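Let the hints inform the model, and build the full structure from the sequences given.
What the sequence shown shows, in my numbering, is residues 2 to 166, in sequence order.
Calculated from the structure, these hints are not laboratory results. All figures in this text were calculated on a predicted structure; none of them were measured in a lab. Take every hint as true, because none was put in to throw you off.
Taking lysine-lysine pairs in the BS3-like style, the calculated list, with each CA pair at most 25 Å apart, reads:
#	residue 1	residue 2
1	Lys64	Lys75
2	Lys3	Lys64
3	Lys71	Lys144
4	Lys64	Lys85
Label pairs and their computed distance ranges (CB to CB):
#	residue 1	residue 2	range
5	Arg131	Arg76	18 to 24 Å
6	Arg36	Gln99	36 to 42 Å
7	Gly98	Asp16	30 to 36 Å
8	Ile136	Asp16	52 to 58 Å
9	Arg42	Gln134	34 to 40 Å
10	Val121	Ser51	27 to 33 Å
We treat Cβ as the ideally placed atom computed from N, Cα and C, and that holds for glycine.
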Amino acid sequence: MKCPYCSFSDSKVTDSRVVENGIRRRRECQRCGLRFTTYERLQAAALMVSKQDNRREEFDREKLTAGIRKACTKRPIPSRTIEKMVEDIESELQHLGQVEVPTSILGTMVMDRLRTLDRVAYIRYASVYRDFQDIESFERAVKDLRDDNTQLPLLETSPGPVRRR
Numbered sequence: 002m003k004c005p006y007c008s009f010s011d012s013k014v015t016d017s018r019v020v021e022n023g024i025r026r027r028r029e030c031q032r033c034g035l036r037f038t039t040y041e042r043l044q045a046a047a048l049m050v051s052k053q054d055n056r057r058e059e060f061d062r063e064k065l066t067a068g069i070r071k072a073c074t075k076r077p078i079p080s081r082t083i084e085k086m087v088e089d090i091e092s093e094l095q096h097l098g099q100v101e102v103p104t105s106i107l108g109t110m111v112m113d114r115l116r117t118l119d120r121v122a123y124i125r126y127a128s129v130y131r132d133f134q135d136i137e138s139f140e141r142a143v144k145d146l147r148d149d150n151t152q153l154p155l156l157e158t159s160p161g162p163v164r165r166r
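Structure below.
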C-alpha cells in the first residue's frame with residue numbers, strides 16, 4: 002500500500018476494524034511516519050453494466066462516485082453523504098442478484114437519490130444522463146422537479162441577532 006503523502010510502498014497496520022461493508026485499516030508509513038486509512042471491501046461476483054450502445058463493462062465504483070461528485074460540485078453536500086449514496090447504490094445492485102445491470106437502472110437509482118438530496122445536483126446529473134436534446138425537454142424536467150417539491154430548504158429560519166455580553 003503506497004503512502005498518500007510520500008508514495009513509499011511500505012506501511013504497517015496499527016489498527017483494523019470491521020465496518021459495514023468490509024475492513025477499515027489504520028496504517029503508518031515506514032518512511033515518513035504519517036498515518037492514513039484504507040478500506041477493504043469484499044467484492045462478490047463481478048457486476049457488469051450494459052450500456053445503451055450494447056457495450057458491457059465492469060461496474061466501476063470510482064466512475065459512479067466521480068459522476069455524482071461532478072453533479073454535486075459547489076453544492077452544500079458533504080463528501081461522506083456522497084460516499085454513503087454510492088455504498089447504498091452498490092449494495093442495492095448486489096441485492097438485485099443480477100450479473101448484468103442496464104445503465105437505465107443505475108441512472109435511475111442515482112437520480113432518485115439526488116432528487117431528494119439536492120435539486121440542482123439532480124438537474125445537473127439528469128441533463129447528462131438523459132442527454133436533453135432541446136430546451137423543451139430540459140424545461141419539462143425542471144417543471145416536474147418544481148411540481149414535486151420534496152427537498153427541504155437548507156435554512157428553515159434566518160439566524161437570529163447575535164447577543165453580546
